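**Student:** Sequence:
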Amino acid sequence: MKQFNFEIKNESEVCSTLGVVTEWVDRHEIRSILVHLYSMRFDENRIRKIREEIFSVFPDAKIVGTSSNGDICDGHLADPGVVMAVSIFGSTDIVVKTYRCESDNETEIGELIRNEIDSCRDISAAEVLLTLKTIKGKNVICEIEKCHADIPVFGGGSANENINNAETYVLDGDDIVPKGVALVLYKGADLHVEVQHAIGWKPLGRDLTVTRIEGSRLYELDGIPAGEIYSKYLDIQSDDDFFSNILEFPIMSHQHGFEVLRMPFSCRREDGSILLAADVEKGTSVNLSYGDPEVINEDVSKMINALKKFTPEAVFLVSCGVRRLYWKHLINMETSPFSALAPVAGFYSSGEIRRMDKYMIEHHVTLVAVAMREGPAVKLHPVEENEKVIEASDQEKMHGQISMVRRLATFINVTSAELRKANDELRKMAVTDELTGIYNRRMIEKLVREALGRVRKNKDKFMLAILDIDDFKKVNDTYGHTAGDTVLSTISNIMKDEVSRHSNGLIGRWGGEEFLILLPGVTADEAMTCMERIRKNVSEADFDEVGTKTLSIGLTECREGEGLDEAFVRADQALYDAKENGKNKVVVHI
51 MKQFNFEIKN ESEVCSTLGV VTEWVDRHEI RSILVHLYSM RFDENRIRKI REEIFSVFPD
111 AKIVGTSSNG DICDGHLADP GVVMAVSIFG STDIVVKTYR CESDNETEIG ELIRNEIDSC
171 RDISAAEVLL TLKTIKGKNV ICEIEKCHAD IPVFGGGSAN ENINNAETYV LDGDDIVPKG
231 VALVLYKGAD LHVEVQHAIG WKPLGRDLTV TRIEGSRLYE LDGIPAGEIY SKYLDIQSDD
291 DFFSNILEFP IMSHQHGFEV LRMPFSCRRE DGSILLAADV EKGTSVNLSY GDPEVINEDV
351 SKMINALKKF TPEAVFLVSC GVRRLYWKHL INMETSPFSA LAPVAGFYSS GEIRRMDKYM
411 IEHHVTLVAV AMREGPAVKL HPVEENEKVI EASDQEKMHG QISMVRRLAT FINVTSAELR
471 KANDELRKMA VTDELTGIYN RRMIEKLVRE ALGRVRKNKD KFMLAILDID DFKKVNDTYG
531 HTAGDTVLST ISNIMKDEVS RHSNGLIGRW GGEEFLILLP GVTADEAMTC MERIRKNVSE
591 ADFDEVGTKT LSIGLTECRE GEGLDEAFVR ADQALYDAKE NGKNKVVVHI
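Going by the working numbering, 589 is the number at position 539 of the sequence shown; the sequence numbering is gapless.
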């Protein structure tokens, strides 16, 4: 495989520019030629003339291309015009097709592409370019996902010089399509393709849940207007500067276990809803995220190091237009290092597509690198054990340090985690008894009152029991409060085990050595059986130095139309009768 990349300023110079390619082709046996055309300032007439010039030199060449938010040539952002990337294959066949999407036929188009991929013999990889802003790209991608899982699939969304403009195109050798998909099939057992991606953005703050979303318009996170989340936590307002201020802080979600970013493009003032680059499922847990140049460079460097081992002959980059806006005049810092591996071409996109495991994922704010070669890997620079270690430059050492942005984000994440833990503990303390871990008096009384409300409304039934440890005062007086706490905890656990047999059973500490149990939807006989098991298990338990202990239990049924006090009086009288009749008993007052 041989790769040539050119920046074309004028279509009349195409033939002369291709002279160097012709000279190389004349000296080598080739199987096919594939030309990628990328253009930020897309002009249909110019593209048609360039195609004519290409065919005049290489009549059998295959052509594919897209409009873009910026073109990449030899690792740098090209001047406005057209980037022409010419790939010469020695043993690989190429098939290029375009599909027009009309009348909601995206699923049908996806099926056609899947069938093309699955029916293609000796396929090595598939590339898809989509006008994501004008079609239901998700429907196409979901169908392509069903093709053979071992085939690498990659590509991107066409874009416009103005990233918010939906006028975009894909093309092949015959057609220019404003709403559709371009497909490239790479056929040949000798072609090897390695796809890597880098994000570099990291989650920021607490988890948020998508509570309302319609298509790609996000209305609410945690029941709060999405725009308010950005206003509250990041002081980003729903004004004309919303998009430029939000570049560093897209939304991060997870798909099939992989981190995926979604870029908010605008915020509607009247309802605080946010328009995302692509949809997110309702109920998904998401985070705000932050872009730190140090971390982004680290992720890209890891990707480049991984591709070094692959030893590519060509590298194609699909990078989100948001990354170009983020880096501004420093954008070449991210892409130029790839030129040390192989000739590099690509474009800035509206979405980055790649297969990950068996899933097709539409990324955003992401850099995808596609490395290709024909034949086996070549170890260009073998490293001996005694090879001299090159001292890192001052700049590299500086990059190894934690940046201020990352420190700030770490602080926010840690404090958020601590706050979540503290809030969880406070919520637990507010409703549970610290010693026994069961509901405290306030909470169990609230639950009983709610149950009585259901009795009145739905004519439900429930049984109420008051349980008292017999002669508990003697335990504290004789053995001390530590022994008393052990008795309370042990008996609470016995009661919890029995109550848990009933799906809606509830237990709480009423005060001191007294407990309350609520059993909804059971008969008096079933409740009596439960109380007898508790009484028996407590009486048979061994409390070490304390010996044995017993319970007296008063049980009643809460009746329709009565208040809480009436039910308590009846249960309390049953408990009194149990005590008066020798203790260690269950007495029922219906």
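Source of the hints: derived by calculation from the structure; they are not laboratory data.
Mixed in with the good hints there might be a few duds.
To be verified - Within a straight-line C-alpha distance of at most 20 angstroms, the following computed DMTMM-like cross-link-like pairs (lysine to aspartate or glutamate) qualify:
no.	residue 1	residue 2
1	K511	D592
2	K408	E309
3	K352	D289
4	K229	D172
5	K147	D172
6	K471	D272
7	K496	D615
8	K586	D521
9	K408	D225
10	K99	D225
11	K186	E331
12	K183	D172
13	K252	E298
14	K507	E495
Here the structure is a predicted model, which means the values were calculated and not measured.
**Student:** The structure should be examined with respect to each hint, and the outcome stated for every one.
**Tutor:** For each hint, the structure was consulted:
no., hint, in the structure
1, K511 - D592, "35 angstroms, violated"
2, K408 - E309, "15 angstroms, holds"
3, K352 - D289, "37 angstroms, violated"
4, K229 - D172, "30 angstroms, violated"
5, K147 - D172, "18 angstroms, holds"
6, K471 - D272, "18 angstroms, holds"
7, K496 - D615, "13 angstroms, holds"
8, K586 - D521, "17 angstroms, holds"
9, K408 - D225, "31 angstroms, violated"
10, K99 - D225, "13 angstroms, holds"
11, K186 - E331, "15 angstroms, holds"
12, K183 - D172, "33 angstroms, violated"
13, K252 - E298, "10 angstroms, holds"
14, K507 - E495, "19 angstroms, holds"
In this structure, the hints that do not hold are numbers 1, 3, 4, 9 and 12, in rising order.
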